[in-house]
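*Asks:* Residue strings, one per chain:
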Amino acid sequence: MPELAQPASRFREIARGKLADARVQTALDEATNRLRTNRVGAWGNLPDVEELRQQAHEIRMAVIDDLDAHVSRFTAALEARGGHVFFARTAAEASGYVAEVCRRRGATLAAKSKSMASEEIGLNEALEAVGVRPVETDLGEYILQLAGEHPEHILAPAIEKTADEVAELLSRAGGKPVPPELEALTNAARTQLRETFLQADVGITGANFGVSETGSICLVTNEGNGRLVSSIPPVHVAIMGMERLVPSTADLAVLLKLLARSATGQKLSVYTTLLTGPRRPGETDGPEEQHVVILDNGRSQLLRGRYREMLACIRCGACLNVCPVYRKAGGAAYSSVYSGPMGAVLLPLLVGLQQAPSLPHASSLCGACTEACPVKIPLHELLLDLRRDLVEERVAPWLERVGFTLWSLAWSRPLGYRLTTRLARLTQPLAGLVGPGRAWARGRALPRLERRYRDRR
Amino acid sequence: MPAVQLFATCLGDLAFADAVEDAEGLLRSAGFEVVFPRAQVCCGQPAFNSGHHAAAERVARSFVRAFSRELPVVVPSGSCATMASHYLPGLLGVEPYDVWELSAFLVQAGFRPLPRNAGRRIAYHDSCHMLRELRISAQPRKLLAASGAELVSFARPDLCCGFGGTFSVRQPEVSLAMADDKLAGAGGATIVTSDPGCLMHLRGRTERLGSGPRVLHLASALARGVGA
Numbered sequence: 001m002p003e004l005a006q007p008a009s010r011f012r013e014i015a016r017g018k019l020a021d022a023r024v025q026t027a028l029d030e031a032t033n034r035l036r037t038n039r040v041g042a043w044g045n046l047p048d049v050e051e052l053r054q055q056a057h058e059i060r061m062a063v064i065d066d067l068d069a070h071v072s073r074f075t076a077a078l079e080a081r082g083g084h085v086f087f088a089r090t091a092a093e094a095s096g097y098v099a100e101v102c103r104r105r106g107a108t109l110a111a112k113s114k115s116m117a118s119e120e121i122g123l124n125e126a127l128e129a130v131g132v133r134p135v136e137t138d139l140g141e142y143i144l145q146l147a148g149e150h151p152e153h154i155l156a157p158a159i160e161k162t163a164d165e166v167a168e169l170l171s172r173a174g175g176k177p178v179p180p181e182l183e184a185l186t187n188a189a190r191t192q193l194r195e196t197f198l199q200a201d202v203g204i205t206g207a208n209f210g211v212s213e214t215g216s217i218c219l220v221t222n223e224g225n226g227r228l229v230s231s232i233p234p235v236h237v238a239i240m241g242m243e244r245l246v247p248s249t250a251d252l253a254v255l256l257k258l259l260a261r262s263a264t265g266q267k268l269s270v271y272t273t274l275l276t277g278p279r280r281p282g283e284t285d286g287p288e289e290q291h292v293v294i295l296d297n298g299r300s301q302l303l304r305g306r307y308r309e310m311l312a313c314i315r316c317g318a319c320l321n322v323c324p325v326y327r328k329a330g331g332a333a334y335s336s337v338y339s340g341p342m343g344a345v346l347l348p349l350l351v352g353l354q355q356a357p358s359l360p361h362a363s364s365l366c367g368a369c370t371e372a373c374p375v376k377i378p379l380h381e382l383l384l385d386l387r388r389d390l391v392e393e394r395v396a397p398w399l400e401r402v403g404f405t406l407w408s409l410a411w412s413r414p415l416g417y418r419l420t421t422r423l424a425r426l427t428q429p430l431a432g433l434v435g436p437g438r439a440w441a442r443g444r445a446l447p448r449l450e451r452r453y454r455d456r457r
Numbered sequence: 001m002p003a004v005q006l007f008a009t010c011l012g013d014l015a016f017a018d019a020v021e022d023a024e025g026l027l028r029s030a031g032f033e034v035v036f037p038r039a040q041v042c043c044g045q046p047a048f049n050s051g052h053h054a055a056a057e058r059v060a061r062s063f064v065r066a067f068s069r070e071l072p073v074v075v076p077s078g079s080c081a082t083m084a085s086h087y088l089p090g091l092l093g094v095e096p097y098d099v100w101e102l103s104a105f106l107v108q109a110g111f112r113p114l115p116r117n118a119g120r121r122i123a124y125h126d127s128c129h130m131l132r133e134l135r136i137s138a139q140p141r142k143l144l145a146a147s148g149a150e151l152v153s154f155a156r157p158d159l160c161c162g163f164g165g166t167f168s169v170r171q172p173e174v175s176l177a178m179a180d181d182k183l184a185g186a187g188g189a190t191i192v193t194s195d196p197g198c199l200m201h202l203r204g205r206t207e208r209l210g211s212g213p214r215v216l217h218l219a220s221a222l223a224r225g226v227g228a
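So the sequence lines, in the order shown, correspond to chains P and D. Note that our numbering has the first sequence beginning at 1, numbered continuously upward. Note that our numbering has the second sequence beginning at 1, numbered continuously upward.
No lab work stands behind these hints, which were simulated from the structure alone. Each residue gets a CB set at the ideal place from its N, CA and C atoms; glycine is no exception. Warning: the hint list may mix true and false statements.
Quick list of the computed label-pair ranges, beta carbon to beta carbon [unchecked claim]:
{"id": "1", "chain 1": "D", "residue 1": "G90", "chain 2": "P", "residue 2": "P429", "range": "36 to 44 Å"}
{"id": "2", "chain 1": "P", "residue 1": "D65", "chain 2": "D", "residue 2": "A145", "range": "27 to 35 Å"}
{"id": "3", "chain 1": "P", "residue 1": "R442", "chain 2": "D", "residue 2": "L92", "range": "41 to 49 Å"}
{"id": "4", "chain 1": "D", "residue 1": "R112", "chain 2": "P", "residue 2": "A250", "range": "53 to 61 Å"}
{"id": "5", "chain 1": "D", "residue 1": "G25", "chain 2": "P", "residue 2": "R442", "range": "31 to 39 Å"}
{"id": "6", "chain 1": "D", "residue 1": "A184", "chain 2": "P", "residue 2": "R104", "range": "54 to 62 Å"}
{"id": "7", "chain 1": "D", "residue 1": "G93", "chain 2": "P", "residue 2": "V402", "range": "23 to 31 Å"}
{"id": "8", "chain 1": "D", "residue 1": "P96", "chain 2": "P", "residue 2": "P429", "range": "37 to 45 Å"}
{"id": "9", "chain 1": "D", "residue 1": "R156", "chain 2": "P", "residue 2": "D164", "range": "25 to 33 Å"}
{"id": "10", "chain 1": "D", "residue 1": "G25", "chain 2": "P", "residue 2": "D164", "range": "55 to 63 Å"}
{"id": "11", "chain 1": "D", "residue 1": "P115", "chain 2": "P", "residue 2": "P429", "range": "39 to 47 Å"}
What the simulated footprint calls covered on chain D by chain P, stretch by stretch (three residues with Cβ under 8 Å from a Cβ of chain P suffice, anywhere in the stretch; the number is not a length) [unchecked claim]:
{"id": "12", "stretch": "108–117"}
{"id": "13", "stretch": "184–190"}
All chains, please: the whole structure from these sequences, using the hints.
*Replies:* Shown next, in the form of structure tokens:
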């Protein structure tokens, strides 16, 4: 997965660019604050949000504890309803399977509903390589596709785009000017996308949840495009992370109570769609074929370790919206479709710490993410654990390891502490010239080391 | 007279000795004898939060050698109090200590500060560990209000100031942008915080900018008043 790799300095470089762009800063601040405020309000209107979060956590963890059985149950249930299930171990296997479905059907146009999993596996590139044109139909994703960019937020992909930028993109795509007003923009996108829905040979969606008991896929959208994409084209392919299963529809109801509230503050999103297999004899709509690609792509490595709680994530984006670092750095700095705290935890786990060494440190460990997570993933503690792994797996730079070791040897005894801090006081004027002192002094005065408290007593 | 052990913390000892003296003064005014165990160094947090557990253990052992479990340990730092109470026992495999963050200790001891901040506008900055791990947010405000201050809320009280230990030097640009948002969010009021880390970061930023609100440690705000 080379497109996911994240070299050490990348976060800082991209963040620096975003910080310099006042429009992006305003857009990030307004959007995250609006979503956060909505979530806080929606949680407040629940009779007992803590009990619900705990219940949701338990449902998710019970599935993760017994995931193989849930995958088998889901597969059997869906196959009994005439659906096809493919278990993909890697991104390449998943996109290869979808490409093969398209090839077999002679498809040239695929309509896509928003799917983080398809972004994760680089599906659009794989489809283009076999002559299939993928068209994103989620408004935000469509805008990004027109701009040739990737999502900056798991829920609100075009979070950094202003109305003017969107108007320009839609005007160019439609060949006539569109004013930068919400209704006009929506109507333009609607007109442009309508043909895609009607002509697509294949519809591709993600899956917010899969229900093991029934073999159903649950799609949650606000634009209704998920419903069109999964019912009009003759073939529907859903790509679902292997951990997205829930045992029953009753459990699904618990998670749905939290998903939209945590994401946008809505009680439910405008469309909540449950799909169970392809069209059956006597039914008037639905696809002729339905395929569900269950995606591992690194997830099964997390099943048994201390990071298994990360698999409980329901991709609501609540952690992004409260994160003071995401809010300044933006999504691109995280170098994958997954950004913010959940991305900083998940990407190193999926691709390996070596591939994303700066992400565990792309956090001030403030803990706002853990507090906002509807399924109670201790995100900031997982980041702390990943930092420990960076050191233990010797991914942390050599100089950093030596520095902390020498520091700890000196500060393990009061004498060493007194001598080194005396030295630090004497060499104060030099502190801002090298290493961490230099990074500090770039925008902050270094503290003045005066007479120590212990010497004043 | 009941006694407490004062843990100055490394940052307090080295860079904010005045604030630690103020904390000591408040504890005495509250009727406590203040013991300063001279073998104390640091809780090991800088290494712990960077994932260097062996280094953190080595330094945290100094805490075990310095402090007794017989008397409360009072810390004028929310994050060091969190380290000492929540993480240090697990890291070292030792029994917990009776650790108190300063404001929480003073409030439970029934301490009433002198009215040194009558009419002063103060924005209290919750440091993240103190707010979210120790769950202490009412006590410092209660003390400031009792000192006569008019408490004003930050525009976004939930946001971290951007210190975050080594985060401040690993991601200096984002860290500074977070500081600027925090400083602007005080709406001109004096900023008071219970953490030497936030204090060093926010005050360092205003000093470099040559403008911005005053930033004080809670102990100094209570012992001397923010106008002093």
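*Asks:* Determine for every hint whether it applies to the structure shown.
*Replies:* Structure-based check of all given hints:
no., hint, result
1, D:G90 x P:P429: 36 to 44 Å, "holds (40 Å)"
2, P:D65 x D:A145: 27 to 35 Å, "violated (48 Å)"
3, P:R442 x D:L92: 41 to 49 Å, "violated (36 Å)"
4, D:R112 x P:A250: 53 to 61 Å, "holds (54 Å)"
5, D:G25 x P:R442: 31 to 39 Å, "holds (36 Å)"
6, D:A184 x P:R104: 54 to 62 Å, "holds (59 Å)"
7, D:G93 x P:V402: 23 to 31 Å, "holds (26 Å)"
8, D:P96 x P:P429: 37 to 45 Å, "holds (42 Å)"
9, D:R156 x P:D164: 25 to 33 Å, "holds (26 Å)"
10, D:G25 x P:D164: 55 to 63 Å, "holds (58 Å)"
11, D:P115 x P:P429: 39 to 47 Å, "holds (41 Å)"
12, 108–117, "violated (count 0)"
13, 184–190, "violated (count 0)"
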